[in-house]
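Just so you know, the sequences run in chain order A and B.
Heads up, the final residue of the first sequence is numbered 938 in this note's numbering, and it's a clean run with no missing numbers.
Heads up, the final residue of the second sequence is numbered 123 in this note's numbering, and it's a clean run with no missing numbers.
No lab work stands behind these hints: they were computed from the structure.
Partial list, computed: chain B residues near chain A (C-beta under 8 angstroms):
1) G55
2) A103
3) S105
4) K110
5) F113
6) G114
7) G116
Beta carbons are placed, not taken as given, at the ideal position from N, Cα and C, and that holds for glycine.
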Amino acid sequence: DTEVTQTPKHLVMGMTNKKSLKCEQHMGHRAMYWYKQKAKKPPELMFVYSYEKLSINESVPSRFSPECPNSSLLNLHLHALQPEDSALYLCASSQNTGKNTGELFFGEGSRLTVL
Amino acid sequence: GEDVEQSLFLSVREGDSSVINCTYTDSSSTYLYWYKQEPGAGLQLLTYIFSNMDMKQDQRLTVLLNKKDKHLSLRIADTQTGDSAIYFCALSGGYNKLIFGAGTRLAVHP
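Given the sequences, and given the hints that come with them, work out the whole structure.
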């Protein structure tokens, strides 16, 4: 199994809603990532979990709350989002962690629209 | 910090070769990567090159690295319509970090 699975594929939410994005991998990877991608832009790193611990938070607003319940799962909890948070949210995983970890496996993304 | 630049658009005829270019500022990355993103999909690692290599060939893909000029290129031979996508150059930006270029949109026409 070489897949990273993300659910839901599409999500529409109001600014007062609370929702979650989910990501799952069964490749035994020990690093998992959340990226945000706006239209016609490259992915921007949000969070990195290494061995189930948060190792990088790229100054992401607290309305985004990541969670790593176990080594296969990664969640992104969303609360009080703004319309400008509408984007494609990509989950990724990698086998290794460290300075030159670039071989990432990406999911297909969750396309979020905030009304 | 690291800056990675790519041209935004490339149009080629089916069967021709495509060359996608990337320049960068920080040469400390041990590996340099090319990712492909098809419409509505996530990113897929196409190939990568170790920083002490000049060239890597993988079927229709050839990666060239000029460390002196800090220039990376991806050549796709015999380009097909299925190669239409956005291609991102990426370098390591530190611990568990990848720095992506803006992406080059490749359009293949008959």
